[in-house]
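> Got chain A; can you put chain B on it based on the hints?
Chains as they are written, first to last, in our numbering: chain A, 19 to 84; chain B, 41 to 418.
Because the hints were derived from the structure by calculation, they are not lab data.
Here the structure is a predicted model, which is why all the values come from computation and not from measurement.
It is possible that part of the hints are untrue.
To be verified - Cβ pair distances, simulated, as ranges:
#1 B:Thr134 with A:Leu60: 40 to 46 angstroms
#2 B:Ala94 with A:Leu77: 32 to 38 angstroms
#3 A:Thr29 with B:Leu45: 20 to 26 angstroms
Said to hold, decoys possible - Below, a sample of chain A positions facing chain B; criterion: calculated Cβ distance under 7 angstroms:
#4 His28
#5 Ile33
#6 Gly41
#7 Leu48
#8 Leu52
#9 Gly54
#10 Asp55
#11 Leu71
#12 Ile73
#13 Tyr76
Note that beta-carbon positions come from the ideal geometry of N, C-alpha and C, so glycine has one too.
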Amino acid sequence: MKQDRVNGRHTLWQIFRAPLLLGLLSAVGLLAALIGDGFFDLLSWVALAIPLLVISWYLRVDNGES
Amino acid sequence: MNIKLWFLIHKWTSLICTLFMLLLCITGLPLIFHHEIDHALMPEPDAVAPGTPAPSIDGLVGRAQAARPDEVVAYLFFDDEEPLMMVGTAPTYTSAPEEFFYQVFDLRSGQKLDIPQPSEGLMYILLRLHVDMFAGLPGMLFLGAMGLLLIVAIISGVVLYAPFMRKLDFGTVRTERSARLKWLDLHNLLGIVTVAWLFVVGFTGSINTLATPIEQMWQASELAEMAASHKDAPLPVQLASVDTAIAAAEDAAPGMMVRTFAFPGTPFASLHHYGIYLIGDTALTSRLLTPLLVDAATGGVTAVREMPLYAKALFISQPLHFGDYGGLPLKIIWALLDIVTIVVLGSGLYLWLGRRRSSLARHVDEIEAGGLADGAVR
Chain A
19 MKQDRVNGRH TLWQIFRAPL LLGLLSAVGL LAALIGDGFF DLLSWVALAI
69 PLLVISWYLR VDNGES
Chain B
41 MNIKLWFLIH KWTSLICTLF MLLLCITGLP LIFHHEIDHA LMPEPDAVAP
91 GTPAPSIDGL VGRAQAARPD EVVAYLFFDD EEPLMMVGTA PTYTSAPEEF
141 FYQVFDLRSG QKLDIPQPSE GLMYILLRLH VDMFAGLPGM LFLGAMGLLL
191 IVAIISGVVL YAPFMRKLDF GTVRTERSAR LKWLDLHNLL GIVTVAWLFV
241 VGFTGSINTL ATPIEQMWQA SELAEMAASH KDAPLPVQLA SVDTAIAAAE
291 DAAPGMMVRT FAFPGTPFAS LHHYGIYLIG DTALTSRLLT PLLVDAATGG
341 VTAVREMPLY AKALFISQPL HFGDYGGLPL KIIWALLDIV TIVVLGSGLY
391 LWLGRRRSSL ARHVDEIEAG GLADGAVR
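One chain only, chain A, in its complex shape:
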């Protein structure tokens, strides 16, 4: 997620695209295990684990200051 800003400021789309994607993944994860078992459970674990992995990624990496 490198810098791409208009006049040094992010647009709303730039601010919310990553959260939106993670929100959609969470929704898929929350619904999948409700719809079915087996594959759907697996899909649910993967989709809901991604937000947790994103957190651990940004906590581990020193992404400096902006």
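Below, chain B without anything else, positioned relative to chain A:
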């Protein structure tokens, strides 16, 4: 966009609900594994030799009754995973949940398993703190209202995320400058990443607090209608066999299995009927109860109907709140997301405590500058 207003909304809705939400997150953490803990506290059933004839349910009910001669057998609960049946006895058919005594039987061998009573011990205390803080229906509804405040706090938090992140890249955590800046970044990152999950868990939790009024509404309308044909009939003298009633129910609802069996006189049956609650065998239908009434005098089916939409909404809200619908890995994910939420709540509290005497303008500056207010470290 009025940042001032959104800040005030975020601040006050959060402040009112945060301590209760911390209580719910902390008590909820072990409750995610309720089923596993209950089963771990229960002795393993003995191995059953192939060909062992299964005992009749009537026989098991008789044994449960004999063990508690001063009480009535009010409910049977069938485990959805193991061949186990839990028999609930109580002083009367309408006794409060705390007055019930439970006995568990292995349906294959009839072996009785010694279990700790669900209404005692640490897990029970955690459960009551989580559900109603030992304050009954008012406590439940109060926590439901706190859940709605959480929803407003989440929405206002997302709105404030935009001005805060104007000049920052996603995932920015500045650990070097000050503790406040680090926790502000963490509050934003952890909050925005888990927002969809917390929204769903918070909202379905609020719906779950309406369980009692929803039950009462259903009992007074739909259940009463289902039993209406027998309203003026004499009360059954000799109750029909439970095994016969269950067979009749499963016959009338093919592909479904009995989850709960309520005896006549309980709020989930009628004076003339057994109340039988069936579930389907798919991930979704195993959460939706279908009620069926069996004439307690004849053992024949009187009525079966789908639950109304408001009851189904409650049934679907339960797994989405508990996280118990995708095996142990989902429960572990639930627990980790719960811990992240505790950090979001705690950091929010810390951020408020650190600057609670600051002016509104200074707070708005801090948000608009992505945390670098005061000009000092701009």
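> Confirm or reject each hint.
Structure-based check of each hint:
Between threonine 134 (chain B) and leucine 60 (chain A) the CB atoms are about 45 angstroms apart, so this pair conforms to the stated range of 40 to 46 angstroms. Look at alanine 94 (chain B) against leucine 77 (chain A): about 54 angstroms separates their beta carbons, and that is not inside 32 to 38 angstroms. Between threonine 29 (chain A) and leucine 45 (chain B) the CB atoms are about 23 angstroms apart, so this pair conforms to the stated range of 20 to 26 angstroms. The interface hint given for histidine 28 (chain A) is met, as the beta carbon of that residue sits about 6 angstroms from the closest beta carbon of chain B, less than 7 angstroms.
Checking isoleucine 33 (chain A) against chain B by beta carbon gives a least distance of about 5 angstroms; that is within 7 angstroms, so the hint holds. For glycine 41 (chain A), the shortest C-beta to C-beta distance to chain B is roughly 4 angstroms, which falls under 7 angstroms, so the interface hint holds. The interface hint given for leucine 48 (chain A) holds, since its Cβ lies 6 angstroms from the closest Cβ of chain B, which is under the 7 angstroms cut-off. With its C-beta approaching chain B no nearer than about 6 angstroms, leucine 52 (chain A) sits inside the 7 angstroms limit, and its interface hint holds.
This hint holds: glycine 54 (chain A) has a C-beta 5 angstroms from the nearest C-beta of chain B, less than the 7 angstroms allowed. The criterion of a C-beta within 7 angstroms of any C-beta in chain B is met by aspartate 55 (chain A), whose closest approach is roughly 5 angstroms, and the hint holds. Because the beta carbon of leucine 71 (chain A) sits about 10 angstroms from the nearest beta carbon in chain B, more than 7 angstroms, this interface hint is broken. The interface hint given for isoleucine 73 (chain A) holds, since its Cβ lies 6 angstroms from the closest Cβ of chain B, which is under the 7 angstroms cut-off.
For tyrosine 76 (chain A), the suggested interface contact is upheld, since its CB lies about 4 angstroms from the closest CB of chain B, less than 7 angstroms.
Violated hints, listed in ascending order, are 2 and 11; each of the other numbered hints is respected by the structure.
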